[in-house]
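The numbering of the sequence shown is this note's numbering, which starts it at 62 and goes up by one.
Just so you know, the hints here were simulated from the structure itself, not pulled from any lab data.
Bear in mind that the values here come from a model prediction, so they are computed numbers and not experimental data.
Treat the hints with care, as some may be off.
[Claimed, not checked] Label pairs and their computed distance ranges (CB to CB):
| # | residue 1 | residue 2 | range |
| --- | --- | --- | --- |
| 1 | 150 | 80 | 34 to 44 Å |
| 2 | 144 | 119 | 15 to 25 Å |
| 3 | 112 | 145 | 34 to 44 Å |
| 4 | 145 | 110 | 28 to 38 Å |
| 5 | 105 | 150 | 32 to 42 Å |
| 6 | 137 | 109 | 34 to 44 Å |
| 7 | 108 | 78 | 31 to 41 Å |
| 8 | 111 | 141 | 16 to 26 Å |
| 9 | 142 | 104 | 28 to 38 Å |
Don't be surprised by glycine CBs; every beta carbon is placed ideally from N, CA and C.
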Amino acid sequence: MIHVTEKAQAELERILREEAGHATAIRIGVRGGGCSGFSYVMDLVTAPNDDDQLFNADRTPIYIDPKSLQLIQGLQIDFASDLLNRGFKFSNPNASQSCGCGTSFAV
62 MIHVTEKAQA
72 ELERILREEA
82 GHATAIRIGV
92 RGGGCSGFSY
102 VMDLVTAPND
112 DDQLFNADRT
122 PIYIDPKSLQ
132 LIQGLQIDFA
142 SDLLNRGFKF
152 SNPNASQSCG
162 CGTSFAV
């Protein structure tokens, strides 16, 4: 399960409406890198990959591949917009540590 806060949901909807072109969904994944070992990635997509799992189907569709899902199951996605920061914030219950900027993690 992936939880998307109302602030994050509103931003995802805005991105798809204003910036996505033909994209109809968001793909969230994990790749090796960042200062803690893994980094979150978000992409605009028009269709899922064959093995993607669908989350948030009643709102903005979010696709996640099975390997990434093992690392981010239970993830909460929030969005912050203040004088110092603007962007998505990830709270991963599987992370044993996260970097200061919150965009990479270790398990």
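Hints breached by this structure
The structure conflicts with hints 1, 2, 5, 6, 7, 8, 9, although it agrees with all the remaining ones.
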